[in-house]
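K.L.:
Generate the whole structure from the sequences, applying the supplied hints.
As they're listed, the protein sequences go chains R and B.
With the numbering used here as the guide, the letters of the first sequence map in order to residues 1 to 351.
With the numbering used here as the guide, the letters of the second sequence map in order to residues 1001 to 1159.
Derived by calculation from the structure, the hints in this document are not laboratory data.
Fair warning: there could be bad hints in the mix.
The calculated BS3-like cross-link candidates involving lysine-lysine, where the alpha carbons are at most 25 Å apart (straight line), are [stated by the list, open to error]:
id, chain 1, residue 1, chain 2, residue 2
1, R, 110, B, 1065
2, R, 323, R, 341
3, R, 341, R, 263
4, R, 115, B, 1065
No experiment lies behind these values; they were computed from the predicted model shown.
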Amino acid sequence: MPAAEEAATRARAALEAAMVAQDAFTLADLAGLRRHPVVAPMLATLVWVTEDGVTRLLGNAFGAVHLTTGPGAAGSRRAPAGPLRIAHPVHFVADGTWVAWQERLFKSAKRQPFKQVFRELYVPTEEELMGGPVSRRYDGHQIQPRQALALFTSRGWAAARDAGDAARAFHSYGLVARVKTDPGLLTVAEADLPAIDGVSFTRRGDYLAQPLDAVPPVAFSEAMRDVDLVVSVAHAGGVDPEATASTTEMRAALVRETARLLKLGNIGFAGQHAVITGRLGEYSVHLGSGTVHRRPGGAVRIIPAGSQHRGRLFVPFADDDPKTAEIIAKVLLLARDHEIKDPAILERLRS
Amino acid sequence: MTVAVLVSATVTGHRRRGVREHDLVLALPAREVTARQLIEAAVAAEVSAFQARAEEASLVRVLTKKSLGADLAHGAVRTGGPRDGVEFARAEFAWAGFALAGPGQVRLADAVDAALLAFGDGLFKVFVGERELTDDGPALPVTDGAALLFLRLVPLAGA
Chain R
1 MPAAEEAATR ARAALEAAMV AQDAFTLADL AGLRRHPVVA PMLATLVWVT
51 EDGVTRLLGN AFGAVHLTTG PGAAGSRRAP AGPLRIAHPV HFVADGTWVA
101 WQERLFKSAK RQPFKQVFRE LYVPTEEELM GGPVSRRYDG HQIQPRQALA
151 LFTSRGWAAA RDAGDAARAF HSYGLVARVK TDPGLLTVAE ADLPAIDGVS
201 FTRRGDYLAQ PLDAVPPVAF SEAMRDVDLV VSVAHAGGVD PEATASTTEM
251 RAALVRETAR LLKLGNIGFA GQHAVITGRL GEYSVHLGSG TVHRRPGGAV
301 RIIPAGSQHR GRLFVPFADD DPKTAEIIAK VLLLARDHEI KDPAILERLR
351 S
Chain B
1001 MTVAVLVSAT VTGHRRRGVR EHDLVLALPA REVTARQLIE AAVAAEVSAF
1051 QARAEEASLV RVLTKKSLGA DLAHGAVRTG GPRDGVEFAR AEFAWAGFAL
1101 AGPGQVRLAD AVDAALLAFG DGLFKVFVGE RELTDDGPAL PVTDGAALLF
1151 LRLVPLAGA
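P.N.:
Following this line, the structure appears as structure tokens:
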């Protein structure tokens, strides 16, 4: 690679890292960077955000760094009151300018040094915020371990053999994003494909997952963006799984419809649970986690057997979500508990 | 002889709206349809729809206010265009004979085989209207406007 190209690649990576870390640039920093032959033209194509969340381009009239226009009509030239940061889509959503910035950039046909205005954005869903500190959005998606490792590494993640997860440190936030896979990416045997088993955020040097609403939005988005990339590209089916989150309401609707079609009259609902009156007992299946309880009594350990994903199936499923499939399968199984032949499951139901 | 049949498949879609339907056009035998024939036709329709979407995804998509709101509620705003790291991984693995997924790489015959195998193993159920379509059961008529339900399941074990 020629030296100039190499310098540009390094500058692009440094600017993207500064956006992810939300590094503050003072006016003196920016004045210095504007004298840098490689960096200066890049600064002009990026959108910046002020301390109070206003997104603007940078201008350089009269030799002094100042903020110029917003995405729409020309704004006033003024010197920023405090340090500036490179804006993230989080900020475009917050000040309502995202659509306008995209239109502006699209029309001007200017190339940004990295994907900023057209960057993917990930936010916690309502279900994730209510469902505890671990995001289950990508659970069950199987990935090719070698491809996944290459992709994770290229995005600054490291896989740990002992912890069985891949982790990316977000130093400026004192946080570590962790993706667990089962089995671990480094411990996987040839025949077994690791499946995603939760994405969580911990403080550095700690394994206690922090609540998702306490994770800074930029760190959440960037971590999930990497996982989405890995799940879409290194997935074990050969095609994009187009992962989407499913909700308990949709699952309840699907369980109800299935019960009607199969003429199963012994399935009801209570809150977040499907309640099944079998011949051997009464059970509840949680519509979020799929956990089975015997009523009265404790949890019944029934789990998906082996590799249920043999690549993507091109069938127009009512719900492609692996957790939904698990929940429906459990409800149907328990609704006909007198037909169960698997001795391990029967033992679980009786114990 | 095959005919084009417009059916609706139940899908769970946007949150709070619960179950909705989307239309599928299937090439089916003119009279009664076996499970195998229906699955083959549904897979063919899904693969071609997927390939159309994959081509679209390689173009940058400009957001609209409406799509942005809907995407945020689903937790992800995807914009299309090249993804970071992908080219890197492609180069890294080309030598080892790995192929990364990309648009237009789905072979219809493989997709049909995988679906039929999964159906045979009980990994999904198919309903036409009020009736379940099984491997060993009778063929059922699928006419214009029929409602189909493809229900995904997983095998379970005691642990």
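K.L.:
Return the numbers of the hints above that this structure violates; sort them in rising order.
P.N.:
none
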